[in-house]
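Student: The lines below spell out each chain.
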Amino acid sequence: MLFRLDSFALVGITAVKVSVEVHISRGLPEFVIVGLPGKAVNESRQRVRSAVINSGFDFPVKKIIVNLSPADIKKDGSFYDLPIALSILSASGQVSCNFSEESCFVGELSLDGSINPVSGLVSMAERAKNNKKKFFFVPYQIARQVSFISDLKIVACSNLSEAVEALSDRGKVDSFIYRGKNSPINRNTYDFDFKDVKGQLRAKRAMEIAVAGRHNIMLIGPPGSGKTMLARRAVTIMPDLNMQECIDVTRIYSLYKKDVNELIQERPFRNPHHTISRIGLIGGGINPGPGEISLAHRGILFLDEFSQFPRTFIEDLRQPLENKEIIITRNRFSYKFPCNFMLIVATNPCYCGYFGSNSKKCVCSLREVKKFWKKMSGPIMDRIDMRVTIDRLPESSFINGSDGECSDRIKKRIIDCTEIQKRRFKDRKLSYNSEIGINIINGWLKNDENIKSLIYSVSKKFSLTARATVSILKVSRTIADLEASDSINENHIMEALNYRVNFSNGLGDYISGL
Amino acid sequence: MKISNISRKILYLMIENGLRPSEFIRVYNKNNGDVYKTLQYFLKYKNLKLKFGTNKSDNIFDSLKYDSYEKVINFIFKNKIGLLEISSDSYPAFLKQIHLPPPLLFFKGKKIINGGFMIAIVGSRRCTRYGSEVAEYISKSLSRIGITIVSGMATGIDSHAHKAALEGEGGSVGVLGCGIDIIYPPENELLFKEILKNGSIITEFIPGTPPLKSNFPVRNRIISGLSGGVVVIEAGEKSGAMITCETALSQNREVMAVPGNIFNQTSKGCHKLIKEGAKLVDSIDDIMEEFSQYKEKALALEKETVKINNEASECKVNLTGDERRIYEFIGYKSKSVEEIVGYSGLEVRDVLKIIASLEIRKLIREDSFNKYIRLF
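If you read the protein sequences in the order shown, they are chains B and E.
Counting from 1, position 331 in the first sequence corresponds to residue 331 in this note's numbering; the numbering is continuous, with no gaps.
Counting from 1, position 237 in the second sequence corresponds to residue 237 in this note's numbering; the numbering is continuous, with no gaps.
Since the hints were derived computationally from the structure, they do not count as laboratory data.
Hints may contain errors.
[Unchecked claim] According to the in silico footprint, chain B covers these stretches of chain E (three or more CB under 8 Å from chain B):
# : segment
1 : 197-205
2 : 353-363
3 : 368-375
[To be verified] Listed below are several chain B residues computed to face chain E (Cβ distance under 8 Å; list not exhaustive):
#  : residue
4  : L111
5  : Q244
6  : G356
7  : N358
8  : D391
9  : N489
10 : M494
11 : E495
12 : N498
Computed from a prediction, not measured in an experiment: that's the story for all the values here.
Built from N, CA and C at the ideal position, the CB exists for glycine as well.
Go ahead and model the full structure; you've got the sequences and the hints to work with.
Tutor: If you want it as structure tokens, here you go:
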């Protein structure tokens with residue numbers, strides 16, 4: 001007896017259709033899975049057998065061949081349990097199945113027959129929709145994750161018996177269709193706010209500008225000055241995710257962990273520790289999965305203690321920062337993961353942490369300071385438009401100090417600014433000021449002799465490199481946008497100068513690419 | 001570069017026979033400065049190494065990379081290193097006067113043989129911004145009126161003094177505590193190259209001598225010996241700079257000290273010197289008073305300084321209302337951005353804009369992170 005059900009295989013962030021074919025024939029009892037199964041798929045035989053028996057069905061004592069076609073794609077994951085079990089039951093005639101052509105199935109079986117969550121559900125659901133499937137059988141626990149997809153009926157089953165029942169009759173399946181909808185996008189769910197940050201006016205203003213133009217930013221300051229606090233609050237002033245962005249984020253997270261039970265609506269904030277492996281940061285592995293840079297998609301990647309990250313890892317960030325996606329190639333396949341994130345890095349100014357700080361005396365020699373910065377210099381620093389120094393506040397000010405501006409108000413300004421940028425770039429493949437190239441900037445400056453001469457004199461005075469000048473102009477553009485000003489004027493450039501480290505505090509000598 | 005016979009012989013004696021400079025000078029003085037007699041005296045014992053009691057360990061020239069005369073002289077020719085022996089006319093006159101002058105000097109760069117007047121600037125290797133600014137200011141001003149700045153090529157004050165001195169006609173002389181082939185500290189490699197354009201590097205140590213701890217006090221006597229006076233900036237109580245002052249005093253040189261912040265340990269040594277009678281320096285005039293021959297030039301320089309100050313005050317005239325208010329508020333005690341915003345009542349972005357424009361005009365600078373201080 002032959003029977004066929006459809007399921008999926010994950011290739012990077014996308015899913016491809018896989019047919020689960022079962023042939024039960026006479027012969028010595030045997031249960032084989034072919035079609036490049038991975039370890040988890042092979043072990044599925046044991047789970048399926050027990051689940052079938054414990055759900056009150058008979059497991060055929062015959063020769064059972066399971067083929068996962070196309071047979072040349074490597075398959076891994078535990079989600080073939082459900083389609084294999086259902087195929088065996090159908091092939092052995094224990095279940096009648098009328099609409100299997102219109103359906104597809106994923107789910108991991110427990111030995112008692114219950115269906116456990118699987119990863120990558122969003123990618124699979126999208127593929128199912130594209131393949132014009134009508135029903136998608138998923139584990140009940142995580143059905144909400146894909147409930148946003150229209151034109152596809154999500155059949156949520158909590159165990160094998162339910163799946164069999166749903167499959168047996170077109171009339172019965174309706175009672176299993178998942179109707180819980182995602183809660184409407186709820187805003188302001190963060191329990192921290194920009195107003196918690198006392199003082200640090202320059203840094204806060206810098207964060208606002210950085211988020212508004214998606215400029216990557218470096219926070220430099222002694223321990224305890226509030227670098228992490230500021231970075232963590234950056235997500236609270238980012239515009240809310242729209243539906244498509246929510247789906248993008250959820251898709252990645254559903255690959256990363258199994259317990260995502262709803263559409264993710266918060267901007268991701270990823271804060272990997274510096275002992276992270278290269279694969280953990282960039283993505284990859286035997287079955288390539290998303291790294292931290294992809295998990296930070298549409299959100300923020302915060303690298304605390306930036307100086308502690310191995311230099312090669314930092315260099316690895318260059319290309320993803322530029323392309324907004326990472327392509328991981330492993331022998332025959334390329335796996336593409338999106339990684340459109342904003343980078344915030346925080347670092348101490350030197351080994352002891354107190355260079356340039358008022359709070360304590362730095363005990364590093366100038367040579368050590370140089371060595372410290374040498375590691376971070378170079379191409380990655382080009383891609384960080386803004387550097388801001390932060391010092392510890394005097395003790396009195398964080399107890400008595402008045403609240404700063406709250407996140408909501410800053411967010412409002414940023415939303416306006418984002419709109420302006422969107423309008424400006426609507427004919428181009430850009431969305432933020434940080435992505436513009438020198439040719440566009442030159443276009444703006446063409447008619448403005450004043451600004452040109454100002455830029456020229458400023459860059460000469462502080463011997464700024466070309467790329468520093470470009471960064472300053474990009475940041476000036478964002479500042480102008482925040483004021484809804486059409487052109488960059490002198491004030492904007494003057495303010496932007498504040499966000500390059502800085503002419504006279506001494507640190508500038510050590511950071512190359514100033 | 002031509003190397004005189006006398007230099008060769010002294011070098012030979014030092015390397016092959018382990019002749020100590022002090023021994024040479026003793027005999028040299030005994031012979032009333034007749035270098036030929038001195039050489040004859042030593043060359044008699046050419047083959048008797050033991051005569052000089054050169055237990056290698058108490059020889060300052062031990063641990064040599066170039067362990068034979070041949071190797072050293074080859075090296076000298078190859079790298080165009082000059083030699084100055086004590087009886088030579090080009091040998092710095094000031095240095096000749098001191099107790100135990102080095103019988104032989106290795107040098108690169110012609111400045112040293114031109115015999116200009118020199119002043120030493122010495123100080124902490126771990127200097128503050130204040131120290132480096134003072135060093136640069138004094139060094140530049142002196143160099144511009146033709147005085148050569150001597151220092152020890154170390155990091156900190158020394159490097160700042162050297163660098164600034166190269167801008168003027170006076171130039172700079174660096175005195176090393178190691179062989180002339182060794183760049184120490186290594187980060188000063190660029191300074192080594194720069195200094196040869198308008199100055200010299202000299203040492204009494206044979207090529208290959210590593211920068212031993214014990215070499216530096218020895219070389220300090222040359223720093224003070226070369227110069228008419230020593231200006232001390234940011235010296236700790238026990239520092240190389242203080243040793244230079246001691247040698248300066250014993251050589252009858254003027255010692256001048258720049259005061260620093262009393263809450264900061266970095267200038268303790270300077271304050272101690274001032275208490276003991278060193279001249280307090282708070283302007284170039286204080287130095288010039290001691291050396292009357294440079295007075296006229298100094299006056300010309302003063303005019304120039306006035307001009308610079310005028311420029312600064314011109315900048316001040318052009319300030320707008322808010323700029324002036326903030327500039328005056330900042331004052332000489334540093335103020336944080338938060339304080340400035342609080343005082344001015346302006347938006348953060350406007351304050352930042354004003355700060356940057358004041359900074360560009362060099363009216364203020366960032367003292368520590370986010371704290372600004374007035375420059376004029």
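Student: Where does the structure disagree with the numbered hints, that is, which hint numbers, in rising order?
Tutor: 1, 4, 5, 9
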